[in-house]
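Here's the letter readout for the chains.
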Amino acid sequence: MVAATALAEIAPPPAAGAALDIEQVSHAFNIDGTELPVLSDVSISVEPGEFVALLGPSGCGKSTFLRLVAGLDKPKAGTLREDEARITRPHPSRVVVFQDPTLFPWRSVWDNVALGLEAQGILKSQRHRVDAALDLVGLASFRNAYPHQLSGGMAQRVALARALVNDPKILILDEPLGKLDSLTRITMQAELVSLWQRKGFTTLLVTHDAEEALVLANRVIVFSDRPARVKADIRVDRPYPRHRGDPYLADLRRQILGLLGLDATW
Amino acid sequence: MSTYSLSDGLASGAPRLSRTPVLASWVRESGVGILASVAWIAFGLSCLWWEDVGDWSRTHSLGIAAFIVAAIALFGTVGADYLGTAGKALRQRAPWLVALGAFLTLWEVATAKFAWLPLPFFPPPQSIIEVYTDDLPKLLDSVFASVKLQLGGYLIGATVGFLTGVSIGWSRAVGYWVHPVLRFIGPLPATAWLPIAFFTFPSSWSASTFLIALATGFPVTVLTWSGVASVSNAYYDVARTLGAKPSFLVLKVAIPAALPHVFVGLFMGLGSSFAVLVVAEMIGVKAGLGWYLQWAQGWAAYANMYAALIVMSLLCSGAITLLLAIRDRLLVWQKGTVKW
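Heads up: the sequence lines are chains A and B, in that order.
If you want our numbering, it's the position in the first sequence, counting the first as 1, plus 84.
If you want our numbering, it's the position in the second sequence, counting the first as 1, plus 12.
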C-alpha cells in the first residue's frame with residue numbers, strides 16, 4: 085500500500101519528531117458574555133516520535149486542544165512549546181489533518197497537495213516532493229482529478245498527503261478517520277502506523293474510538309468531561325502491527341471505557 | 013440506439029431482420045428534416061407567389077434564400093450520416109427549422125401579401141433584410157459605438173466592483189467605511205444619475221461610461237463581498253497551518269473560493285448595464301444602437317427599429333454567452349453549473 089521508495093524521496097533524512105510540552109494550559113470560550121471553560125489546567129509532555137491518542141467524551145474540548153497545539157488559537161493561560169520554542173502561531177512543522185478533508189475544491193489533487201510548499205514559496209524547486217507524497221498515499225494516478233470526483237477515503241488520503249508533503253515534526257490528526265466506512269478506516273489505520281514508524285514524526289490523534297486509539301498509539305490520554313482535564317495517561321507497550329483481538333488491548337479498552345463512564349456496557 | 017418496434021415484442025425466435033424498424037427510424041430521423049424543408053419552401057413560395065402590397069426590393073432574393081435553406085435542411089438531415097457533426101447538429105435543430113419556416117411564412121403572408129397587420133408598424137421580413145443590406149454602414153457604426161461604450165464601462169465597473177468587494181469582505185476597516193456608502197448609493201438605479209451625470213461629466217461618452225460602470229459595479233461588489241465573506245473558516249485554518257501568509261489567504265483562498273459568487277455578480281451587472289447603455293444612448297450619446305432606435309422612431313422607420321432590435325439582442329445574448337463560457341472555463345472544478 086505504501087511505497088518505500090517514494091518515502092526515501094520525500095524526506096532525505098527521516099525527519100525526527102519534535103517534543104511537545106504543554107504546561108498548565110487552560111482555555112475558555114466566550115459565548116454571549118459568559119465564560120465557558122473548555123480546558124482546565126492540562127499538562128502533557130510528549131516525547132519526540134511518540135504516538136499519542138487523546139480520548140474523551142464528545143464535546144469535551146479535544147479539538148480545541150488540538151487547535152492550541154497547531155497555533156490556530158491562543159490559550160487563556162499556560163504555555164505550549166515545540167522543542168523549547170513557544171507556540172504562538174501556526175507553522176508548517178505542525179500540520180493538522182481535520183475530520184473533513186477540506187480539500188480546496190477549485191484545485192486539482194496535485195495542486196491541493198502542493199498547497200503547503202506553494203504557501204511557503206518553495207514549490208518551484210520542490211515539485212518532486214508533491215509527486216512523492218501522492219505516491220505515498222497511492223493516488224499518483226489521480227493527480228489531475230478534482231476533489232468532487234474523489235471518494236471520502238481518497239479525499240482523506242489527499243488531505244494526509246497535503247500534510248505529509250511538508251515533512252511535519254508533529255502531525256496533528258483531528259478524528260481524520262471519523263467519517264470513513266469501517267473497511268477504509270482499518271486500511272488507513274494501518275497506513276498511518278506504517279507512515280509514522282518510517283518517518284518518525286510525533287503524532288497527536290484525537291479520536292472517540294477507544295479501539296482505534298489502542299491499535300494506533302503508544303500512549304493514550306483520557307480527558308474528562310468539559311472542562312477537559314487529564315483523567316488518565318496510559319502507556320500501550322505492545323509491538324506493531326497490533327491485533328484487535330489482543331487480550332491485553334481488550335483489557336485496556338475495558339479500563340478506558342470505564343474511565344469514560346461506560347463500564348456497564350462492557 | 014435502442015429502437016423499439018412491434019416486431020420486437022412478437023419475436024418468436026425469428027431473426028430480427030425485418031425492414032420495418034429501419035424504415036421507421038429513417039422516417040423518425042429524417043422526417044422532421046423533410047418537414048423543415050417543406051416549411052421553408054412554403055416560405056419561399058409565399059414570397060414569390062403573390063404580389064407585394066408595398067414597395068420592397070428584396071422579396072425575390074428572400075424567396076430564393078428560403079429555397080436554399082430548404083435545400084440545406086433537406087439534404088443536411090437526410091444525408092446527416094455523411095456529414096459528421098454538422099449533420100448531427102442540423103438534425104438536432106430540425107424541429108426549430110420547422111417552427112421558424114412556419115413563422116416566417118405566416119409573417120410574410122400577414123404583412124407583405126395581405127396586410128392583415130397594420131403596415132408601417134409591422135414590416136415584412138424583406139424590409140428588415142433591406143435594412144441590413146442598404147443601411148449597413150450606419151448600423152455597423154452604431155454596433156461599434158455601442159460595443160465600445162459597453163465594454164469600457166463594463167470592464168471599469170467590474171474591476172472596481174471586484175476590488176471593492178474583496179476589500180470589504182476582507183478588511184473590517186474598509187467594510188466599516190464602504191458598506192454604508194454602498195447601501196446608500198448601490199440600490200439607486202444607475203439611470204437616476206443620468207441628468208446629473210450628463211452635465212457634470214466633460215462628455216456624454218464619459219458620463220455614459222460612468223453610468224454603465226455604476227450599474228455593473230454594484231452587483232459585482234455585493235456578490236464578491238458576500239462570496240469572500242462566506243468562505244469557510246476551515247479553508248483558512250488549513251492554509252494557515254500549511255504556512256500561508258495573509259496575501260496567500262486573499263489571493264489563493266478567498267478569491268478562488270468566492271469566484272462562483274463573483275460570476276453571478278458579473279452576470280447581473282451585465283444585464284443591468286445593457287439597460288443603462290440603451291437609455292444613455294437614447295438620451296445623451298449621439299451614437300450606438302440605442303441612438304439608432306431613437307433615430308429610426310423619429311423617421312417612423314419601423315423596419316430599421318426591428319432590425320436594430322435583432323442586432324441588439326444578438327449582441328447582448330453573445331455577451332452573456334461569452335461571459336458564461338469564461339466562467340465555465342475558470343470554474344471547471346464545479347459540478348453542474350447552470351447551462352445557458
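Bear in mind the hints are in silico, worked out from the structure with no lab data behind them.
Some hints here could point you the wrong way.
[Unchecked claim] Looking from chain A toward chain B, a few residues come up when the C-beta cut is under 7 Å (computed):
no., residue
1, Leu-156
2, Ala-169
3, Thr-172
4, Pro-174
5, Pro-176
6, Val-180
7, Gln-183
8, Pro-189
9, Trp-190
10, Leu-199
11, Ala-203
12, Ala-229
13, Tyr-230
14, Leu-336
[As the list claims (entries may be wrong)] List time: in silico EDC-like cross-link candidates among lysine to aspartate or glutamate, alpha-carbon distance up to 16 Å:
no., chain 1, residue 1, chain 2, residue 2
15, A, Lys-160, A, Asp-195
16, A, Lys-263, A, Asp-195
17, B, Lys-264, A, Asp-125
18, A, Lys-158, A, Asp-195
19, A, Lys-315, A, Asp-125
20, A, Lys-158, B, Asp-249
Think of the CB as a built atom: it goes at the ideal place given N, C-alpha and C, for glycine as much as any other residue.
Evaluation of the provided hints:
Interface hint status for A/Leu-156: upheld, as the beta-carbon distance to the closest one in chain B is roughly 6 Å, under 7 Å. About 15 Å separates the beta-carbon of A/Ala-169 from the nearest beta-carbon of chain B, more than 7 Å, and the hint is not met. Among the interface hints, the one on A/Thr-172 is violated; its C-beta lies about 13 Å from the nearest C-beta in chain B, farther than the 7 Å criterion. Checking A/Pro-174 against chain B by beta carbon gives a least distance of about 5 Å; that is within 7 Å, so the hint holds.
For A/Pro-176, the suggested interface contact is upheld, since its CB lies about 4 Å from the closest CB of chain B, less than 7 Å. The beta carbon of A/Val-180 comes within 5 Å of a beta carbon in chain B, closer than 7 Å, and the hint placing it at the interface holds. For A/Gln-183, the interface hint is violated, the least distance from its beta-carbon to any beta-carbon of chain B being 10 Å, above 7 Å. Here the hint on A/Pro-189 is kept, as its CB sits about 6 Å from the closest CB of chain B, short of 7 Å.
For A/Trp-190, the shortest C-beta to C-beta distance to chain B is roughly 5 Å, which falls under 7 Å, so the interface hint holds. Of the supplied interface hints, the one on A/Leu-199 holds, with its beta-carbon coming within about 5 Å of a beta-carbon of chain B, less than 7 Å. Here the hint on A/Ala-203 is kept, as its CB sits about 4 Å from the closest CB of chain B, short of 7 Å. Nearest Cβ of chain B to the Cβ of A/Ala-229: about 10 Å, over the 7 Å cut. The hint is violated.
Contact between A/Tyr-230 and chain B, as hinted, is supported at the beta carbon level, the nearest pair being about 5 Å apart and thus within 7 Å. With its C-beta approaching chain B no nearer than about 31 Å, A/Leu-336 sits outside the 7 Å limit, and its interface hint is violated. Our distance criterion of 16 Å between C-alpha atoms is broken by A/Lys-160 and A/Asp-195, whose separation comes to about 36 Å. Under the criterion of a C-alpha separation no larger than 16 Å, the hint pairing A/Lys-263 with A/Asp-195 is inconsistent with the structure, at around 24 Å.
Proximity of B/Lys-264 to A/Asp-125 is assessed by CA-CA distance (about 38 Å); at most 16 Å being required, the pair is judged violated. Distance check on the hinted pair: A/Lys-158 and A/Asp-195 sit about 30 Å apart at the alpha-carbon level, beyond 16 Å; violated. Restraint check: the Cα-Cα separation between A/Lys-315 and A/Asp-125 comes to about 12 Å, which is no more than 16 Å; the hinted pair holds. At most 16 Å may separate the alpha-carbon atoms for a hinted pair to count; A/Lys-158 and B/Asp-249 meet this at roughly 14 Å.
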